Amino acid sequence: MSEGYHVDTTAKLVRMVNQIEANLAHDKDPVSTVADHIHAFWTVRMQVQLLDHGTHELGPVGVEAFKRLARGIRSPHQMAATDPKDHGADGG
Amino acid sequence: MGYEPQVDFGTPAVHSDTTVTLSIDGRDVSVPAGTTVMRAAAMSGGSIPKLCASDNLKQFGSCRLCLVEIDGMRGTPASCTTPAAQGMVVHTQTEKVQKLRRGVMELYISDHPLDCLTCSANNDCELQDQAANVGLRDVRFGYDGDNHLGAATDISNPYFDFDPSKCIVCSRCVRACEEVQGTFALTIDGRGFGSKVSAGLASDDFLSSECVSCGACVQACPTATLNEKAVKTIGKPERSVITTCAYCGVGCTFRAEMRGEEVVRMVPWKDGKANRGHSCVKGRFAWGYAKHQDRMTKPMIRNAITEPWREVTWDEAISYAASEFKRIGAKYGNNALGGIVSSRCTNEEGFLVQKLVRAGFGTNNVDTCARVCHSPTGYGLKNTFGTSAGTQDFDSVEDSDVMLVIGANPTDGHPVFASRMKKRLRAGAKLIVIDPRRIDMVRSPHIAADFHLPLRPGTNVAVLSAIAHVIVTEGLADEAFVRERCDMDEYRDWADFVSDPRNSPEFLAPVTGVDAELLRGAARLFATGGNGAIYYGLGVTEHSQGSSTVMAIANLAMATGNIGRRGVGVNPLRGQNNVQGACDMGSFPHELSGYRHVSDADARALFEAEWGVRIDPEPGLRIPNMLDAATDGLFKGLYVQGEDIVQSDPDTKHVVAGLEAMECVIVQDIFLNETANYAHIFLPGSTFLEKSGTFTNAERRIQPVRKVMEPLNGYEDWQVTQLLANEMGLDWNYTHASEIMDEIARLTPTFAGVSFARLDEVGSLQWPVNADFPDGAPIMHVDGFVRGKGKFIVTEYVPTDERTGPRFPLLLTTGRILSQYNVGAQTRRTENSIWHEEDRLEIHPSDAENRGVHTDDWVRLASRSGETTLRATVTDRVAPGVVYTTFHHPTTQANVITTDNSDWATNCPEYKVTAVQITPSNGPSQWQEEYDAHSGLSRRISAEAAE
Chain A
51 MSEGYHVDTT AKLVRMVNQI EANLAHDKDP VSTVADHIHA FWTVRMQVQL LDHGTHELGP
111 VGVEAFKRLA RGIRSPHQMA ATDPKDHGAD GG
Chain B
620 MGYEPQVDFG TPAVHSDTTV TLSIDGRDVS VPAGTTVMRA AAMSGGSIPK LCASDNLKQF
680 GSCRLCLVEI DGMRGTPASC TTPAAQGMVV HTQTEKVQKL RRGVMELYIS DHPLDCLTCS
740 ANNDCELQDQ AANVGLRDVR FGYDGDNHLG AATDISNPYF DFDPSKCIVC SRCVRACEEV
800 QGTFALTIDG RGFGSKVSAG LASDDFLSSE CVSCGACVQA CPTATLNEKA VKTIGKPERS
860 VITTCAYCGV GCTFRAEMRG EEVVRMVPWK DGKANRGHSC VKGRFAWGYA KHQDRMTKPM
920 IRNAITEPWR EVTWDEAISY AASEFKRIGA KYGNNALGGI VSSRCTNEEG FLVQKLVRAG
980 FGTNNVDTCA RVCHSPTGYG LKNTFGTSAG TQDFDSVEDS DVMLVIGANP TDGHPVFASR
1040 MKKRLRAGAK LIVIDPRRID MVRSPHIAAD FHLPLRPGTN VAVLSAIAHV IVTEGLADEA
1100 FVRERCDMDE YRDWADFVSD PRNSPEFLAP VTGVDAELLR GAARLFATGG NGAIYYGLGV
1160 TEHSQGSSTV MAIANLAMAT GNIGRRGVGV NPLRGQNNVQ GACDMGSFPH ELSGYRHVSD
1220 ADARALFEAE WGVRIDPEPG LRIPNMLDAA TDGLFKGLYV QGEDIVQSDP DTKHVVAGLE
1280 AMECVIVQDI FLNETANYAH IFLPGSTFLE KSGTFTNAER RIQPVRKVME PLNGYEDWQV
1340 TQLLANEMGL DWNYTHASEI MDEIARLTPT FAGVSFARLD EVGSLQWPVN ADFPDGAPIM
1400 HVDGFVRGKG KFIVTEYVPT DERTGPRFPL LLTTGRILSQ YNVGAQTRRT ENSIWHEEDR
1460 LEIHPSDAEN RGVHTDDWVR LASRSGETTL RATVTDRVAP GVVYTTFHHP TTQANVITTD
1520 NSDWATNCPE YKVTAVQITP SNGPSQWQEE YDAHSGLSRR ISAEAAE
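Just so you know, the protein sequences line up as chains A and B, in that order. Counting from 1 along the first sequence, just add 50 to a position and that's the residue number in our numbering. Counting from 1 along the second sequence, just add 619 to a position and that's the residue number in our numbering.
Some clues are possibly wrong.
The list that follows gives simulated cross-link-like pairs (lysine-lysine, DSSO-like), each with its CA atoms no further than 30 Å apart [as the list claims (entries may be wrong)]:
(1) 78(A) with 62(A)
(2) 889(B) with 1326(B)
(3) 677(B) with 715(B)
(4) 1049(B) with 815(B)
(5) 1001(B) with 715(B)
(6) 62(A) with 950(B)
(7) 815(B) with 848(B)
(8) 62(A) with 1272(B)
(9) 78(A) with 1410(B)
(10) 1001(B) with 117(A)
(11) 62(A) with 855(B)
(12) 78(A) with 1408(B)
(13) 677(B) with 1049(B)
(14) 677(B) with 1001(B)
(15) 78(A) with 677(B)
(16) 1272(B) with 950(B)
(17) 117(A) with 677(B)
(18) 117(A) with 62(A)
To be clear, the hints were calculated from the coordinates, so they are not data collected in a lab. Being a predicted model, the structure only gives us computed values, none of them experimental.
Only chain B is shown next, with the shape it has when bound in the complex (with noise of 0.2 Å):
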């Protein structure tokens, strides 16, 4: 598509079952009741000139600029505070209006720069549209009084300049960061003459403030006070492509503005239901990595991992993969190879890999990144509700009375969801925080969370019992509900295991480390404060107990009543932008797409007939397995595409021995990632601006990826696999992506009605999407659950493995930041390194105190499975007794520590809950320092180039 910006109305969309109609510039004009007349005349393809307003926005009346005259109304009231009402008469270009706009525009110039023909917004100003709109020919007041010209760029932020010398203080910054951001970062300093825009302090620059980089102040600045630095250096964008971000499980939708093949500014897309026009600094500005000196466009091989590397043509690498997983197959058996599919990657390329792997190596040895985050996910809500995924979309939020937010950092890793959970609760609604962490939702800007439960690390399972025994012997249970849609024998029994006193609040409040009271307080706020929406994360899931914890969540959700409509729901907070979409291809070992076991005749006869091969019908081994498999001598060949299981996996001298007793690890990727230190076969691969196909996020939401520039490698990942399969002996002809979502919909029942047509038609479907679902399922099991009844299932707490002693006394958690995202490989290639250029250890002051640490200092962490070396933070946003890091920077090494222990059901990683011992340290470990070497000895490229 050409340029255009996006149509902005003015002022926020109204929903009301009531229409009134209204002449505008004879015109007559039906809109939903409470929409004002700005709204109005832009909905009827009319524009009443404005500064202030914005449709992301409250009205704020303050440009008057938009001032229109109304029959029977006195003055010129501003249009965009006047609500439309029924019979309404209203006159948008009277020459009164007209000269009260010159004059407002006239004072507007009179302190602006006349530099437009170099302004980086030339042509693209809402200022300069406006001069144009009114007809302004002079300013009478002239150029010689006081003035804010003079005034100096904020060029701190990376991505975006503050220029207040061309600041019109119409406050659509400081109000998109209230309002659509929930940060409260900026303000108007001063009055009358003396306002500007300030972000904190007047110490403070937008780097140093707390501004959180989402660009929301950039996107509704109408000049170029805020404005992309790349604007300044590109240009303006010629053509604009709308696309998927390929961060977080939110799914933002942009509009890659595009000046040739460059790509000049991200923006996100106001009709993206994901994300509703709003970003963060990750997918907004931290897109620069796709071009990054370190991004590999070339295949290399080599013998030995010792070896340096080799550049080769893509042909002789293909053709060496193939045949060394051919000689793999046939010495050991195809069950001595594997394929890990990306959760990065599109769903068409998941669909791929796992083809490849079934159809071509013949095993099911394929797994996911999701092994080690929302596999308990999958597990937990299939027994219970009978999906494999959350029950609601993103919009659902705007109805929630109680949100139940546990363990998951929302500001930090759904920073564009938690924008809107904040202007929820901001309006009213109630917050319960489970987390040992003082998570940033417990107290922001306007927000305070009703309860914050610190639980102690790996007791999940003995707080949601305590909830449930509150809610059940407190008689709070929704029976109503529960006779209706569950099975009430089931119930029964739930209900007598949580009321034993075991499982009263008092009993478990040494186990949890919870205030019993606290504990009451909260159950019977989520059991009575009316809609109750539980939110969760991987403080849930990577646990040895968590998918008994997601079963327990789902427990609650019955037990009252809080499924099956808007506001409600279980929620997972899926991390990867395509994580729900790889589960849902069949990346698992155990199942094909659509969750649906290998063991399913039915569903094997389905693929066999459109596959022409037969399916094992015998589960496959998950990563760990085949680490395992690998130390044995049994597992030889490993194809793995967009993971880099060396630095996200748990264990990480489990996970290089494995690698290093392969015979042939292939790694395609972007960039030569840890994993990449310990393979053979090198394929470059293809970023999401390069590629065309399809991601789901965490509301099942089937999004498309468009193809903005030519892959720097030459192909988009799936054409990759393709030419691996074809050399291996299949036949696969795809040309598009779409084709491939063609056969996925074919194959997998709740895809059905998913094309590329269509989607390019609606923008985007939740699956399922099928004849009982044509338009998709924003909200799930609303007459009833997939599964029939819901099934509830007792879940007693079994404490970990993993205990705190003598030499290991303190616990460890992990957790994500907001400007770096989980392994770092593309956030830490852009400008974000700026924020986190280290992971730190966070340490309670009294452990720190203990111990002699100061913030600032190297401190040594040591687990059972072996220690790194980082620099400590102390804060007392963790607990005492618990210690917490985060993993974006290999140097860190943070997997070293963690341990073997997993999900019982899905052998999830425990990653929350390592005991440790932190000690002043004044150097590197020695795993550190011979990691490092091998590093940078895998890393050399020969310079004998490719033919």
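This is chain A alone, in the form it adopts within the complex (with noise of 0.2 Å):
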């Protein structure tokens, strides 16, 4: 049934970050606010995957925002699941 659909989830991702630094306007860091609330609500992929794609298209505290994140973020084999043998499931 969703042949022909597509969305673009990294015209997703730059939507929410410009709409949380709209709706942060008034904080006073609202650097580090969206820096944290980014931080604290998406995945690492979801950052790396905005990252990737650059920054051109945020709001200026969302650019800073992001300069943070990314000096923060460790490599990008840490977005891969931890280890399954750490759960306890075999990997098989």
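Two chains, two separate frames, one set of hints: put the complex together.
Shown next, in the form of structure tokens:
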């Protein structure tokens, strides 16, 4: 039923960041608050997806927030799941 | 427990600091001052005959059966209307009163059928009991006079009959409809011998009247006049089990009255602290879905969603599910897996699903349906007060002077609590309603909102800013409270913001559509009218500024000092029976149970020590992000317990696309729901009647769910999750749901004092239950906010991206009605469908006229997301420019219309604001036809049976 249906997930992420920025405009330290919010609620993969796309479509607060996030995000291999063996399940 | 009728003390309880002591038949009895003699007798273990009295109704004094003699008092006063007094000496069994009582009973029985042995109320009839109590032996009047024995029975209501031939005109039903339910559907028509109970006009029967089928009249009736049809067909119950309703967030407790393994009736439990002995049509009567023909009891699997289902054994289904998830985890990584916790299943079941996801799948990709309803409540109240839940209990409404209802429709969504609100309003409390529609509470019998602000959808924050502007600029804020309890600097910043002329009612009127003077009046009333309580629902949260609105509400409550005592507070009306519980149990991708972030090392250490696994410190995917990741090819396996995201989540095409992109979707449910159309494994679930556990209602009240029958599918839902977990290599050994709660209590500080034993002892507990609050906490933030100082957060109005224009000039908002519940999975499979067979589009007369649309016409409802077709109802309940529909029927496909707009903080979908156009139509949309075809194919079950 979904043939031809396409969703631009990166565009969604951009919109989400700009929406967060707009709603935190009165915060005393919006850059920190936006960065903290994204760090608290976004997966690492979502953050990397947006960084890979680039922050050129973000507002000024979003741009600065992602600079901070980029410094804190671990290497890309950390985006993968933790080792299944850590969770008692066998890998096969 | 065996079957015993609930004790009826005759007249309502009275609360007083003063005690009086009287003598009743030689026994000294001490009772609160104001207690009636009748109740005092019952409290001391005695009983005075009665027929018109019931302890949930005001005394009436009509039947004259309860007469007593009192030393020093003339005549034979009615004990139900006589207050006990200090030193009173009462005699309940003198020869005089016994003779009078027999005379009264003779009159009653002279006009009553003598068919006790074949009557459905045989051995469960107060009239029969009182005839025996008074020693009635003959009826001297005979039976040849005028009588009502030929009156016809009204069988119109699907759940109960009204047989006027058995009516003794005690008026208990009429009074119950007035005092308890507040609908005023019944009356006594005529006078004297001609008096009869009437449901509205002479031409009305119960179904056509304003009766909402709450069952209060049936419960009140002392004879078989109003009696459940099930009692007639099944017989008198022989045992009862107290359990909790599985519909809405009120969390009514019922006595499930059984005969064998069959439920005869669900009777509200009088000691239930959430519902206080009342119910609505759903909990009271609409439980038959458990045995509906659509009920699924066998596991099924298939390789592709285009294939028919194949019934298999539990072993095969679980083995297949586990092997698929292990395969996906190994191939794509554990973050390609996830789960959805049900808001309908128990706390214990929700806890196990998130435990399976975290400890078994190895990811934090777990979410719950609160995502689409009250996730902004969790975010907003946590940030402002420190707790992700409402601040009061339901009883608090009894002390409210002003109720502000915003974005909620309590008479439809939380009917039992709405009845309590109405009772308080009839007693003089004031009401402010902020809603685009003229909900029933704006004007109903003996109730009229003092202010109705019919705002434009999407402008909640603007309206609340304007209200705050009035309160601050007119000097109506409670700064003493703020100084003591909140951060003063943050208050000043907030006060400066709202004081700006750009937040004045006048400036914002063109945006909100609300008259400035009307808004000023409402603001002044809330700030100065006494105890102000705010009740809100999804009309607040399901917006792009849902979290901001919650925080704006919290700001208002703090600014007016309306926190920390009875009668006030911020009260989110949680929708589902256990959505509060699901959130409490760590169903969110960023939080463990008790709302501790996964990055909290101390919290993680606790779980890691208990579970023996490492917990990911990074948040996981929310439901909409799971679907996005699926369409990106990154999310492949989903375990859905008790949720139907295809029907309930927004932007249906997006949901379907996400599911179709996955390799393994497991649906665990009691019916083949819409999501199962895209599933590979179906695990049959169990209903609330077939399991033990707990639900947590909107008051944070943890209440027991008790099994009354064995699960038709063979397992309680938590047992199925355990099977899956163990097949995936975990080693769970729960033998009873109580053991799961014990684990929850070990790991969750706010549940530390909760156990099944404790709940059996006290009935229910409101969290937090711990050393600081050993008996729970009905009212929160009494001496201080949980976070320390209350936090004012500036919430500027940011218009939604969803704008009307020439192509889509109307705004659609959605909601619920009384008789159906959410996606209708349960209620559509009961007789409740008689009240709402289809979703309808409500459209204002001017908008309808402009389009040539009339009531009952088929119309095409289209947005930028999609279109659907349904029938119209032309009504002025909606304002011009606004249309409204419900989402109870899958054929309506209401969520094909809704968009991917969502709350900025939580991604709670903006269901309440969608730009649409309405045009006449002559048939279903292409999507509806395609979906219908796919749905039909998807539901095929192969004739090949499991071995």
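Structure-based check of all given hints:
{"no.": "1", "hint": "78(A) with 62(A)", "in the structure": "26 Å, holds"}
{"no.": "2", "hint": "889(B) with 1326(B)", "in the structure": "20 Å, holds"}
{"no.": "3", "hint": "677(B) with 715(B)", "in the structure": "27 Å, holds"}
{"no.": "4", "hint": "1049(B) with 815(B)", "in the structure": "34 Å, violated"}
{"no.": "5", "hint": "1001(B) with 715(B)", "in the structure": "65 Å, violated"}
{"no.": "6", "hint": "62(A) with 950(B)", "in the structure": "27 Å, holds"}
{"no.": "7", "hint": "815(B) with 848(B)", "in the structure": "21 Å, holds"}
{"no.": "8", "hint": "62(A) with 1272(B)", "in the structure": "16 Å, holds"}
{"no.": "9", "hint": "78(A) with 1410(B)", "in the structure": "13 Å, holds"}
{"no.": "10", "hint": "1001(B) with 117(A)", "in the structure": "27 Å, holds"}
{"no.": "11", "hint": "62(A) with 855(B)", "in the structure": "59 Å, violated"}
{"no.": "12", "hint": "78(A) with 1408(B)", "in the structure": "18 Å, holds"}
{"no.": "13", "hint": "677(B) with 1049(B)", "in the structure": "23 Å, holds"}
{"no.": "14", "hint": "677(B) with 1001(B)", "in the structure": "41 Å, violated"}
{"no.": "15", "hint": "78(A) with 677(B)", "in the structure": "56 Å, violated"}
{"no.": "16", "hint": "1272(B) with 950(B)", "in the structure": "27 Å, holds"}
{"no.": "17", "hint": "117(A) with 677(B)", "in the structure": "67 Å, violated"}
{"no.": "18", "hint": "117(A) with 62(A)", "in the structure": "19 Å, holds"}
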